[in-house]
Amino acid sequence: MKASVVALYAGILIAGIVAPLVIPNYTFQVAVLWMMILFALTWDIAGGQMGYNSLGNILFFGAGMYISAVVQISMGYDVSEYTAAFGAIKIDFTDTQYFTGLFLGVAAAAIGGVVCALLLGLAVFGLRGPYFAIGTLGCALAAAELVAGWDYVGGGGGISMPVFPGDPDVRSKFFYYMCFALAIATFAFLKWLYSTRFGLAINAIRDNENKAEAMGVHTKRYKMVAWSIAAFFLGMIGAVFGNMVGFVEPLEVAFPTITFGIFMVAMALLGGKGTLWGPVLGATLFHVVKEVTWTYLLGWQWVALGAIIVINVVYFQQGILGWAADKWPEKFGVTVERDEDPDEGDGQRQAQPREATS
Amino acid sequence: MSALIDVRGVSKSFGGVVANRDVSLSVPDGGITGLIGPNGSGKTTLFNSIVGTHPVDDGSIAFMGQEITTFSVQKIARLGLLRTFQQTHIYGQMNCVQNMLISIPHRRERPATMFTRFPASVYGRADELLEFVGLYSKRKLLAGDLSFGQQKLLEFAMALMNEPRVLLLDEPTAGINPTLINGLIDRLKRANKELGITLFVIEHNMRVIMNLADHIYCLAHGELLAQGAPQDVQNNQLVIDAYLGAH
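So the protein sequences, as listed, match chains A and B. This note's numbering puts the first residue of the first sequence at 1, with every later residue one more than the last. This note's numbering puts the first residue of the second sequence at 1, with every later residue one more than the last.
None of these hints come from the bench; they were simulated from the model. Misleading hints may appear alongside valid ones.
Result set (DSBU-like, lysine-lysine): computed pairs, CA atoms no more than 30 Å apart in a straight line [claimed, not checked]: (1) B:Lys-189 / B:Lys-75; (2) B:Lys-189 / A:Lys-223; (3) B:Lys-193 / B:Lys-75; (4) A:Lys-220 / B:Lys-140; (5) A:Lys-90 / A:Lys-2; (6) A:Lys-220 / B:Lys-75; (7) A:Lys-220 / A:Lys-2; (8) B:Lys-189 / B:Lys-140; (9) A:Lys-191 / A:Lys-327; (10) A:Lys-331 / A:Lys-2; (11) A:Lys-191 / B:Lys-140; (12) A:Lys-173 / A:Lys-191; (13) A:Lys-331 / A:Lys-191; (14) A:Lys-191 / A:Lys-220; (15) A:Lys-223 / B:Lys-140; (16) A:Lys-327 / B:Lys-140; (17) B:Lys-140 / A:Lys-2; (18) A:Lys-223 / A:Lys-2; (19) A:Lys-173 / A:Lys-220; (20) A:Lys-331 / B:Lys-140.
Kindly generate the complete structure, drawing on both the sequences and the hints.
Given below as structure tokens:
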């Protein structure tokens, strides 16, 4: 690895670790930034690398949040009694109970996310193109409504999460580092994943699924696994975010289709879909613009975000990194080797006039 | 030579249009078989029926003695029966080497192997075959940036990478300039001889197919019109009438 790359990784890791110590007032915002990066990275697995534009990935986030809430509360209480009392019952956990519950909750959220992805995948992976996008959007909207009508988990009234044992400062740092660790773990996992034949297989599905089928690629298997990986990480971050906010509710917190659900798509498109770094770059830029306009241009924040999306979609459809790859292809490994034997093949001869005129 | 593909009484219609009516033919192991016919005579439909793109209305198709009429496209491909398309189908946003790597024989892929990297031997084979079709110096280019003719060559190399028993080629020379065609014919023959791949070729270019095939079937209006050695088919009055129109 080149020194500049090592420096970049080290810089990001150090910045992530010291951020809550240097700018403690922004701990929550930076934690959400890591979550946004995770959102964009996981959306890009199916959306960018595999060409399946899902608008329903937020479903796994919400499912993870609710699964974790139920698991954590059932460590000491009956969930239906607790939710029926609407806050009249105060949870009183020991430290061990709390942290065991949190650990089991996050683990269950990851597994639950994968189960949801496999079940839904059986239904929606028969769809392609815009039909897949609308189908998944329908799944996410339906999930929010179903949960809002389900009294066992508190319906539209939501669930108060167990209270963190410790002072607020420790609490915010604790959840910050969980978000940070999950985002880094997701990035590292995907970096490895895209270097295996799995990465090439889902790229092949994106570029030409009919061809991939005709070549015997196990397309269904790859599609299911790709979506499950996204659901695995989204389920975990959902569980963490539910605890970080402290209150779980279906429409605004768990299944926010028109905010987080659309942000994850917009961020990946902005940075450059189908690349590893694009979602990271896009999420960072998007989140910073969002927070800055929220602070200094209150009232115009949605206009600013809308403008970014419009400019992105109209003028830079490939996103920032995609645009850079078009402009400097040789930096991204797209090269013709000119020092080869010119009589090597017939293909060579045919392409030469084109190169000469360019 | 035993029959590798055995098509028995296959019919296929789209709405009221009969694309294939009671077509029976067989592709012998190890040979090069041609399929000709005027435009719209049902050649590509027959290919699609064989590789499982759509269900047939009637009849049966067997590959190496195994009934494959109802199998999915992927399953048939993994048995070693592969097809290339009339319009090129390549993975445009991936470079040539990546196109080759992902074309490995997927019959050997297991859930556990999907997270492994390709061994050096696979990279070596990819380079060898790119060299074979004359695209080695372009191997780092995105496949979508190649010319149409080069994409056809790449698609042919990808098919060879898949190590099929039989390769169905749908107009391999369409859209390729005449100087390249000779090279392609030579490579098709070498793939047949040296790699032992049985070929079944749809072709409009008579010079090419007469040169290439040992046995030719001719379709017209969805029905089998004639068959035999290239010379016999070429001189068959029914075939001439079908192509030029008879009164």
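Hint by hint, here is what the structure shows:
no.	hint	in the structure
1	B:Lys-189 / B:Lys-75	holds (27 Å)
2	B:Lys-189 / A:Lys-223	violated (37 Å)
3	B:Lys-193 / B:Lys-75	holds (26 Å)
4	A:Lys-220 / B:Lys-140	holds (29 Å)
5	A:Lys-90 / A:Lys-2	violated (54 Å)
6	A:Lys-220 / B:Lys-75	holds (12 Å)
7	A:Lys-220 / A:Lys-2	violated (37 Å)
8	B:Lys-189 / B:Lys-140	holds (27 Å)
9	A:Lys-191 / A:Lys-327	holds (24 Å)
10	A:Lys-331 / A:Lys-2	holds (14 Å)
11	A:Lys-191 / B:Lys-140	holds (21 Å)
12	A:Lys-173 / A:Lys-191	holds (27 Å)
13	A:Lys-331 / A:Lys-191	holds (19 Å)
14	A:Lys-191 / A:Lys-220	holds (22 Å)
15	A:Lys-223 / B:Lys-140	holds (27 Å)
16	A:Lys-327 / B:Lys-140	holds (16 Å)
17	B:Lys-140 / A:Lys-2	holds (21 Å)
18	A:Lys-223 / A:Lys-2	violated (34 Å)
19	A:Lys-173 / A:Lys-220	violated (41 Å)
20	A:Lys-331 / B:Lys-140	holds (12 Å)
Taken one by one, the earlier hints fail for this structure at numbers 2, 5, 7, 18, 19, listed in ascending order.
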